[in-house]
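Protein chains in written order, with the UniProt record's numbering: chain A, 1 to 401; chain B, 1 to 401.
One should not assume that every hint holds.
Because identical chains share one entry, a pair is satisfied inside a single copy or across any pair of copies.
[To be verified] In silico lysine to aspartate or glutamate, DMTMM-like type, Cα no more than 20 Å apart, as pairs:
no.	residue 1	residue 2
1	K372	D91
2	K372	E319
3	K379	E80
4	K169	E109
5	K215	E328
6	K215	D110
7	K169	E355
8	K215	E319
9	K169	D140
10	K126	E197
Bear in mind the hints are in silico, worked out from the structure with no lab data behind them.
Protein chains: 2
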Amino acid sequence: MSFRKFSSDADVIAFARQHSDLFTADEALKVEEIGDGNINFVYRVSGASASLIIKQALPYVRIIGEGWPLSQDRVRIEAEALQLEAKYCPDLVPRVYSYDAEQCAIVMEDIGAFANLRVVMVQRQKLPLLAEHLGRFLADTLFYTSDLYLDTYEKKSLVKGFINPDLCKISEELFFWDPYCDHERNSINELIRADAEQLWQDTALKLEVARLKAKFLNQAEALLHGDLHSGSVFANESGTKIIDPEFAYVGPAGFDIGSIIGNYLLNVAGQANQAGDHAERSDYQQWLLAGICTLWNTFEQGFRQHMQTETRDPSLQLEEYADWYLCELLQDSLGYAGTEIIRRTIGLAHVMDLESIEDAERRADSERLALKLGQVLIKHRATINSIDQVIDMLRQQLHCR
Amino acid sequence: MSFRKFSSDADVIAFARQHSDLFTADEALKVEEIGDGNINFVYRVSGASASLIIKQALPYVRIIGEGWPLSQDRVRIEAEALQLEAKYCPDLVPRVYSYDAEQCAIVMEDIGAFANLRVVMVQRQKLPLLAEHLGRFLADTLFYTSDLYLDTYEKKSLVKGFINPDLCKISEELFFWDPYCDHERNSINELIRADAEQLWQDTALKLEVARLKAKFLNQAEALLHGDLHSGSVFANESGTKIIDPEFAYVGPAGFDIGSIIGNYLLNVAGQANQAGDHAERSDYQQWLLAGICTLWNTFEQGFRQHMQTETRDPSLQLEEYADWYLCELLQDSLGYAGTEIIRRTIGLAHVMDLESIEDAERRADSERLALKLGQVLIKHRATINSIDQVIDMLRQQLHCR
């Protein structure tokens with residue numbers, strides 16, 4: 001049987017029964033298409049006792065159609081990345097029940113008990129364990145898939161298995177090119193067009209973005225999630241689930257860390273002009289900054305401990321190397337955070353953290369703040385040695401407005 | 001027919017006839033085993049009118065035997081690397097007439113008219129075009145196999161095609177670990193053992209070597225030759241041929257540049273105590289330093305011109321990026337030159353440039369100079385912005401002895 005798109009609820013239900021043992025034979029099941037964004041088809045199959053998710057990848061982008069073909073290999077990559085992540089932090093990713101290569105479909109745990117982090121942040125909910133969970137996810141996945149832990153054969157084979165040009169190309173363009181020129185794919189609030197035009201003239205900024213892009217293209221350091229924005233995180237008071245690693249490839253570790261930090265900061269910029277009480281919004285901004293600090297500190301402590309006790313390559317075991325490495329990684333992460341912030345503000349794909357500000361003038365104010373934060377992070381990252389310095393720098397940007 | 005080692009001259013001759021049209025049917029052919037070092041079997045097949053080379057890779061290291069297995073995939077990698085290099089600098093590599101995957105054998109041009117560069121240098125011959133040829137080889141092969149020229153799909157496919165863990169692992173260990181500890185594989189002149197022990201205590205040096213190793217492991221920047229020492233270069237007054245790219249993989253561009261610069265400097269160190277007239281040896285040292293300068297300048301001009309006119313990715317077209325990139329690449333190259341010098345002095349595989357100094361005391365003096373040059377290059381590379389600064393620094397090291 002060759003690939004075919006699920007054509008009916010009955011089709012999806014039969015597949016669910018075939019690929020899991022969650023349901024009893026006589027249990028009535030229903031199907032709901034829930035979507036995961038714009039690219040794939042995602043279904044929830046539920047009965048009285050249980051539910052699961054089926055994600056199917058078509059050979060093109062769902063919302064565009066056959067005019068934008070996209071390799072179905074992305075679903076293999078997603079399944080394998082989820083399974084690898086589960087080896088190191090099983091509590092932080094949805095369980096994969098089954099992966100069917102022919103139907104390009106993953107059958108996985110339903111994480112319906114968790115809320116999308118973007119919504120959580122727009123609603124200013126404080127989740128006590130979120131930052132620690134994200135820091136641990138990053139420490140574990142980025143260490144155990146790097147040359148610090150893997151031997152030459154394992155590492156090279158990981159690089160080979162996660163060659164992912166279709167999805168890398170999307171990031172290469174949307175992060176590192178479009179927002180730095182007057183590209184037709186960009187979407188720019190007319191009120192900040194002058195700011196965007198000024199940014200396009202900033203050679204110092206563009207040089208730094210070129211350096212970050214070169215690392216994104218070249219540096220096969222660790223297996224990345226590759227798309228770690230707030231929309232890929234589901235969380236509640238007690239748990240966190242990181243989903244959708246179809247952009248996974250072996251790239252620079254700072255890209256994942258920076259992507260999620262950038263999303264914290266997009267919400268910080270949004271809160272400056274969101275609806276609701278000013279004090280409450282300021283307080284949430286401080287909660288987000290403290291979260292960035294906790295996220296990095298959890299990451300750094302976890303990663304450093306792994307380096308101290310589990311680095312196999314003796315030439316990479318020096319404590320001085322760990323110090324140097326973690327400082328460089330912080331700087332990289334800040335740079336990538338800056339590119340995420342800028343591309344979400346004037347590039348193709350915007351975020352609710354800013355878009356939900358209805359008044360165009362107020363939205364422009366937050367967008368200007370976002371651009372400013374992005375630029376400062378990219379251009380001044382080389383002067384930063386600690387996360388406390390980062391938080392000071394960010395607070396200054398918020399205060400001096 | 002599955003793989004089998006050539007078992008007789010007749011076997012080799014039949015293979016040569018089958019895989020080339022160089023010989024006439026009634027031409028008498030003879031076979032000579034010439035060796036290419038320690039790893040493979042290499043034969044010259046010659047008749048009255050022509051000759052060719054056949055290189056066969058066995059599933060183990062030739063001089064060790066079955067106790068050191070080595071993937072035969074290396075011969076595919078060598079054939080494909082030679083063919084790719086020939087696309088960009090056909091005059092600088094031996095022509096591949098045929099590659100037989102099953103017999104793990106390459107049939108290629110006989111470069112018997114050229115002399116091995118290591119011998120050339122030990123004999124203090126000045127070849128007028130050598131440095132320019134090496135610079136051009138590096139500029140062309142490193143540019144056209146990088147993200148500056150290739151699109152995402154081409155580049156990722158190149159990375160995948162040249163995954164080469166067996167041979168990478170050899171370099172990872174011999175360059176970046178053994179020489180920095182008391183490793184049983186090391187071979188150390190007893191007279192400089194104290195110098196080696198001092199080097200093993202130098203944490204600042206070991207940190208820099210760890211950084212260079214991390215780039216060697218991670219940075220998939222361009223297709224490298226991977227083993228560009230003097231023994232891989234054949235040259236005469238008018239031409240240069242670069243052979244044996246079985247270590248090819250997509251790695252940091254500075255590794256190839258540094259390897260060959262390191263080999264120039266190993267000869268500089270050797271000339272301090274080689275037999276023969278002192279003035280002649282000093283003069284040759286100056287010729288070698290001038291050669292390093294020409295090599296880098298040819299490389300830099302060629303590479304910069306490629307960047308200016310052929311970089312496809314618009315975000316990497318900034319002139320400021322080219323300046324930054326070439327400065328960083330010079331620093332990387334100096335670091336790798338340092339690791340090549342050190343590993344050839346106290347590591348497993350030594351070079352004739354030093355080994356042919358018969359007197360142990362004099363050899364020790366040259367070895368100490370080599371270690372000093374290696375350490376200075378590795379530790380001070382970050383302060384260097386131009387090749388003239390490098391040459392000044394090297395001259396100072398030679399004078400202050």
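Comparing the hints with the structure gives:
Neither within a single protomer nor between protomers do K372 and D91 lie at most 20 Å apart by alpha-carbon distance, with minima of 36 Å and 52 Å respectively. Neither within a single protomer nor between protomers do K372 and E319 lie at most 20 Å apart by alpha-carbon distance, with minima of 35 Å and 25 Å respectively. In the homo-oligomer, the alpha carbons of K379 and E80 never lie at most 20 Å apart, since the shortest distance is 36 Å inside one protomer and 41 Å across protomers. When the C-alpha separation of K169 and E109 is checked against a cutoff of 20 Å, the pair qualifies neither within a copy, at 29 Å, nor between copies, at 40 Å.
Taking CA atoms no more than 20 Å apart as the test, K215 paired with E328 passes in both settings, with 12 Å inside one copy and 13 Å between copies. Within a single copy, K215 and D110 get their C-alpha atoms no closer than 35 Å, and across copies no closer than 40 Å, so neither meets the 20 Å cut-off. When the C-alpha separation of K169 and E355 is checked against a cutoff of 20 Å, the pair qualifies neither within a copy, at 25 Å, nor between copies, at 50 Å. For the identical chains of this complex, K215 and E319 are inter-copy neighbours only, at 18 Å across copies versus 24 Å inside a copy, given an alpha-carbon limit of 20 Å.
Taking the shortest Cα distances, K169 and D140 never come within 20 Å of each other, neither inside one copy (26 Å) nor across copies (25 Å). Taking the shortest alpha-carbon separations for K126 and E197, neither the intra-copy value of 36 Å nor the inter-copy value of 56 Å comes in at or below 20 Å.
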